[in-house]
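Participant: All chains, full assembly: derive it from the sequences and hints.
Sequence lines, in order, name chains H and U. Numbering-wise, our numbering puts 396 at position 396 of the first sequence, and it's gapless, one number per residue. Numbering-wise, our numbering puts 404 at position 404 of the second sequence, and it's gapless, one number per residue.
It should be emphasised that the hints constitute simulated quantities derived from the structure, not laboratory data. Certain hints may be false.
[What the hints assert, rightly or not] Pairwise CB distance ranges (calculated):
1. H/276 to U/71: 26 to 34 Å
2. U/86 to H/156: 49 to 57 Å
3. H/331 to U/67: 35 to 43 Å
4. H/132 to U/342: 31 to 39 Å
5. U/121 to H/250: 43 to 51 Å
6. U/86 to H/43: 24 to 32 Å
7. U/79 to H/352: 20 to 28 Å
8. H/38 to U/119: 39 to 47 Å
9. U/71 to H/35: 36 to 44 Å
10. H/260 to U/403: 24 to 32 Å
11. H/310 to U/79: 53 to 61 Å
12. U/201 to H/152: 50 to 58 Å
13. H/280 to U/402: 50 to 58 Å
Here the structure is a predicted model, which means the values were calculated and not measured. By construction, the Cβ of each residue, glycine as well, lies at the ideal position given by its N, Cα and C atoms.
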Amino acid sequence: VSAAATPGGAARAARRSALGAYAVTAALALAIALGSFVLHRNRSYREREHARARAAAEAIARGERPAAHLVAGGLVSAAQPSARYPFLRRRLVDGRPLGGPGAPPGDKILYDAAQRAEREGAQVRFADPDGALVLAARPAEGGVAVALVEAPGGPAGLPVGLLAGLLLLGALVAAGGAAAGPAPRALGLAIGGGALAAPSALWGGPAAAALVAAVALAGAAADRLGLLARAGAELRRQRIAYGFLAPAGLAMLVLVAVPLVVGLALGFYNHRHGTWTFVGLDNFVHILSGGGRALSDPLNFYFTLGVTVLWTAANVLLHLAIGVALALVLRQSWLGGRGVYRVLFILPWAIPNYITALIWNGMFQSEYGAVNGILSALGLDRVSWFSELATAFTANVCANTWLGFPFMMVVALGVLESIPRDMHEAAEVDGASAWQRFVHITLPHLRPALAPAVALGAIWTFNMFNVIYLVSGGAPGGASDILVTEAYRWAFERGERYGLAAAYATIIFLILLVWTVLGTRVTRREAPP
Amino acid sequence: VKIAVAALAAALALGGACTPEADDRAVVVWHSYAGDERAALEEVVAGWNRRVAAGDADAPGPRIALVSVPHEALSDKLTSAIPNGNGPDLFIYPGHDRIGDWVAGGLIEPVEYFVSEALADRFAYDAIAAMAYQGSLYGLPLAVKSVALYYRTDRIERPPATTDELIALGRRLTGGGRFALVYDNADLYGHAAWLHGFGGRLFDERGRVRIAGPEAVAAARFAAELGGPGGIVPPGMTGQMVSTLFNEGVAAMAISGPWLLAELDDGVPLAIAPLPVVSATGRPAAPFFGAEGVYMSSRARDKDGAFRAMAALAGDASAIARARRARQVVPNLAAYREPDIGSDPVLAAFKAQAERSVPMPATPAMRVVWTPYETALQKIIGQGADPAGALAAAEREILGYLEDP
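Facilitator: Set out below in structure tokens:
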């Protein structure tokens, strides 16, 4: 208060708040500048050292002896294959046999480089993880010219002085502008924060410079509108709360946000044998157009989507009906041993679900499975469960209903406990029938509590990989696959099409996002006032 | 789990050592062996390390440090750990069919630089040839695996020599809830013996997928005759049923690999023979042949030392110990000159079967073939679908996966 009372104190306070705004802008700009520096440094180092190694291999091919930086190298003769083993062959380097007892340590590198160059043509690459050794090989007259070159110096170091100088200059400009008034303050922040655009342009080209400039302008605008000051005040006011949130926030960033962003990005790439190519929206177009397959083809997206929706609806309906019915029965006071029943009914939930899925798979086995055993004991025909979509789907639903109803039962039991008994008693006194009491008292209480459980249960079921994969395994012919198992098959069974699988995952994510938003809306409307 | 936690704690305490016993120069080997195979491997490694410590001239080192990795996790761990420099120097993988993928991903190191003809001569030709890919050698073979014919000696005196005999014998043995034969007939691995016996292949000379030729159709029709209605194989076969039904005596014969022995009760009276000759073609049924190998990581620290350890693991002394202790079908020719190994009927049968078998293709394209082929087999055997149509549909599906979207 006393500082702001004098004109000099007001200027000092303005400078200080401007420096705070500058720090935020400069930190972002510095991150961009550092990123473009690292990319630029790696690229120029690679180009320089690859060129050096290539020149050495050229010299060897011409029959010269490059002196500088050569660790090993020479003209490796064409292979003399073994008569018995086509994959074994001897090679000479400059007339001396490669390998054998007491051979120099570089021999294997020369030998393998010659073999690879014969197969794939001229090449150059780093020969060790640190990038200190570079290997170049090219076919030459009489064999393959190979050079293993040591990089004379590492990549260029970070120009710390330059960056610190620019940051200091930017801070001075920002502080000076702030002391002069509101309009110069914004100008000072924009120019000061943009100081790093110059080196960024040098390293990362116009794109990096434009990014830095945009950050500086956005920082100046946010400061002008008072957004930064308000955010800073909020942070300071709740600093203990944000301090406690920080570790969890960081963990969420690393474990949830980063994989999510990477997964979304992969959907725009195509993966073939270890190489990624950017294909834009091709994967999504391929999936959403049905991939040129008929609607009745299990590989058509809409067929799988239909199965998935049907699967989710059937399961949630059964989970809900069985769960609520059992909860109502377990509430009855005339039922003895309710605790025992509760534990028994929760057991399916407590057993790891892949074990349950494998057991159900065995029970639906056509010749020796328990289900067919019971059917034939009753004099009914045996069913070949996994040879038709309808029966395979039924088998999957049976297994998942077994797994899913305990959750709904537990939720419903909890709600039923919370309904005041006097409401039922009062209704009974007023002559309401059991059905009327259920419809007018129990159901209105159940609905708001069950809505989120249904939304959650639908998401679990939509992505219930284990049951589909282990019970029917998609039989017959992938027809009973749901979207998430389809995505898995594209990634791991159909030639590692990671891009296509990621696009599937993105589509699943979007469907569930819409579902969640709608679900929350419904829940909010249902919530008691 | 306790051991893993202890190992982790020790590794942290040592600040980067890979296992408690590892010193800096030990070659780290990942493997997924269990039971007798693991015991045999540990015995081999302990023997080698003792000789290294004693300064034996034939065991110039380095020491070997074994790290056990669960079988299901091995493949994923290798592909994630090796590129980051956290992987092993060597690893043992139960098959050679991933070599193509590993080479494409830069995971494994070619080793033909180290291998002389004299060393290669120690192995059965097919076994070492299975370790080659695109003209380079990528490992040394430890064991060979293929299926063969198991039969219960209490129900069959002499194994069928031809498929006609198999069906005639099968008809007599099937009925009253009993079946003549069990094998995983909806799986391409189980079906491959008939495919090759009828003269079929999966790839043509130019490496393109061709699975709907007349030979493949004939083989599928034969599988439907065995496993379809009125056949000699129970309907709805799966891999898990093979051991149960053979164990209980419901089935008189089973087609399975060496791993079945571990799943059978001690009292089952059994013998093992090579698969019969396909009567229609006169060729022996030839199953897929997988070579278990020891491979070198492209990030191995000391490649000369790692290869010496590799040669020791695949050497004759190691092979003899593994064949004796774990009954591994080793590819080392010298091992069968030991009287007890040479006269072991189980090893002899699997060795004979390995000599009439087809190495499993190691190309990345092969991994796309499995599921569509199995779907086609299920339709042909289980639902009586037309073999030519079902296989043509599977071929179209596979080619669709191999093209760009």
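Participant: Checked against the structure, which of the hints given earlier come out wrong?
Facilitator: Structure breaks hints 2, 3, 4, 5, 11, 13.
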